[in-house]
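*Asks:* The lines below spell out each chain.
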Amino acid sequence: MKTVEEIKAAIEAAVPGAGVEIVPNPSPSGQHSLLLKTETALAVAMFLRDDAELALDFLSNATGVDWLDKEVTEKVKVTKPVTKTVEGVEQTVEETVEETRKHLQPGYLEAVYHLFSVEKKHGPVVFRMRTGNRSDQVQLPSMTPVWRGAEFQEREIFDLFGIVFTGHPDLRRILMWDEFKDFPMRRDYVEPDDFDYEPTAHDEVLKRAEAHQAAECVAEPAGEGAGQ
Amino acid sequence: MSVLETKARPEGWNRPPIIEPEGDGELLEIAMGPHHPSTHGVFRMDLALDGERVVKLKPVFGYLHRNHEKLGEGHSYLASMPYTDRLDYICSLTNNWAYALAVEKLAGQEVPERAEYLRVILAELTRVQNHASAIGFLLQEMGASGTPLMYAFREREKILDLFEGLTGSRMMCNYMRFGGCRVDASDEWLNATRKVVGALPKFVDEFENFLQTNEILMARSQGVGVLKAELAVNTGVTGPMLRATGVNYDIRKVDHYGIYDRFKFRVPLGAHGDIFDRYMIRMLEIRESLSILEQALKEIPGGPVMDPKAKIRNFRPKPGEAYGRIEAPKGELGFYLISDGGPNPYRYRVRPPSLINLTLLEDMCLGHNVADVVLIFGSVDIVLGEVDR
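First to last, the protein sequences are chains E and Z.
Okay, so the first sequence: first residue is 1 according to the working numbering, each after it adds one.
Okay, so the second sequence: first residue is 1 according to the working numbering, each after it adds one.
Hints listed in this document are in silico derivations from the structure and should not be mistaken for laboratory results.
Cβ coordinates follow ideal geometry from the N, Cα and C atoms, glycine included.
Take these hints with a grain of salt, some might be off.
[As the list claims (entries may be wrong)] Okay, derived cross-link-like pairs now, DSSO-like style, lysine-lysine, Cα gap no bigger than 27 Å in a straight line:
{"no.": "1", "chain 1": "Z", "residue 1": "K253", "chain 2": "E", "residue 2": "K120"}
{"no.": "2", "chain 1": "Z", "residue 1": "K318", "chain 2": "E", "residue 2": "K2"}
{"no.": "3", "chain 1": "E", "residue 1": "K2", "chain 2": "Z", "residue 2": "K253"}
{"no.": "4", "chain 1": "Z", "residue 1": "K195", "chain 2": "E", "residue 2": "K121"}
{"no.": "5", "chain 1": "Z", "residue 1": "K318", "chain 2": "E", "residue 2": "K75"}
{"no.": "6", "chain 1": "E", "residue 1": "K37", "chain 2": "E", "residue 2": "K2"}
{"no.": "7", "chain 1": "Z", "residue 1": "K228", "chain 2": "E", "residue 2": "K120"}
{"no.": "8", "chain 1": "E", "residue 1": "K121", "chain 2": "Z", "residue 2": "K253"}
{"no.": "9", "chain 1": "Z", "residue 1": "K58", "chain 2": "E", "residue 2": "K181"}
{"no.": "10", "chain 1": "Z", "residue 1": "K264", "chain 2": "Z", "residue 2": "K318"}
{"no.": "11", "chain 1": "E", "residue 1": "K102", "chain 2": "E", "residue 2": "K80"}
{"no.": "12", "chain 1": "Z", "residue 1": "K318", "chain 2": "E", "residue 2": "K102"}
{"no.": "13", "chain 1": "Z", "residue 1": "K202", "chain 2": "Z", "residue 2": "K158"}
{"no.": "14", "chain 1": "E", "residue 1": "K37", "chain 2": "E", "residue 2": "K8"}
{"no.": "15", "chain 1": "Z", "residue 1": "K318", "chain 2": "E", "residue 2": "K70"}
[Said to hold, decoys possible] Covered, in the sense of this in silico footprint (three residues per stretch, anywhere, with C-beta under 8 Å from a C-beta of chain E), are these stretches of chain Z:
{"no.": "16", "segment": "199-213"}
{"no.": "17", "segment": "330-337"}
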């Protein structure tokens, strides 16, 4: 089985301008992954499936990951002119100062695919694609035309993460109901208080019960409140 | 060389065929389920029928959805272990193993030899009882009301008693840990297991004897729900359903996870990919599992069942990700975990074999009678706890 670097080289030889990056995986599992550009992803996927040596004909797992906006703090050494008074004379000296800079790394949604080969019995080859941001640029190319195994799994990613797969033949919610609005697997998802709320004839009774439970119990003088 | 050789395929070859209704009658649209006795739980199929013939089928999921994956992100690694029991509640021990395997890959954890043997023994017992009850349910749906199912359940009960003796629970076993197993098996338990395993071939013979040449079984299952090898691989169908199409792919043989390379066993293969082949593969896999069990019970060594270096409290794997998979009775069960160095997984994903095997339900059912839909669905062998998660 080829290493990730070799696969990357093979892809770049076969698909011009593929622009594949390797995402290293520091865990002992050693399953490094390939980051594909959305424009060329479909061509690369076709290559991975149909290449005689790789023959990755089996898409096992497709899933989404949500990466939130991250505030990154880094220390940078900056050289800048500083005005100093040395021996009564004002001078401008270049000095190296350490500065802490903060910048916002925009979040994104990610789709991760695990491929195996039934023919050659090897794997996994992991590849991922990233969306532009988490709000309006959430389109990724669908892998369903290449591997039908992605059909329900991409529907699930769409349902739970909100990634829109272009080219998917039947992109609907799969686990949540059609009227559902939010994307529950996102990291910043907040559960509503009551999913199933529907107004009923007993709303007033429920309100009275709530008020009753919220109010403090006051001991009434004996004889007055009883029996009324 | 193999059935998978043809590469030149027209566009859209892996989409379900379009069936034109005969005549100009109106199509009957029915919702089969969610409370239909043959759907093994709460599952709905929206069918369009032309007379009795199915011309459209759309599965509807989610009635049992509880966002298992979100729950996994909110708990520590170990706290998710009991939840995995509830995925495929017929086979809790293989779920445990798949999850433990993925976490062990993520953290680089070793497993002692005795624990590996115990895992194999429990996984194969699970496979035997799952396949026996799957066949029982299939026959039940064919109209053999009760009897074959009760035969299967009689044997399943003996295996569940063994599970109870070792883990304390019949179905929700919660037995495996990262780096071993929770408790050691006593000699009495092993002897009891040998006794049960020794008696099982007789049951399989008897079961097979009753069913194999049964005319109703043959008439209703042969040539029904045919699945082609090429499409099955492209769709990621795994387990007995894939092997019934003639594709030799068993993760026990491919990945050699655990200690499966030590045992001699064969991978039974079908040829037609119809319901009968699926039934047959399950029957033969029971026999192969029994042979693995015999070997494992003979060879099981002494020693600890838990790696002494395993960290139980304050378990925080280094940042990274891992995908671990096993051959569960229903197909490839995988867990994909991303760690950010914290006590909870950043991402916890279950690759459910039941859901992905259902992708082809429509393709298999189109053009058949509605009564066959029940059988085709039953032959996929799903558990809704895993489909909907």
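*Asks:* For a quick check of understanding: which of the numbered hints are violated here, in increasing order?
*Replies:* Those not satisfied are hints 4, 10 and 16.
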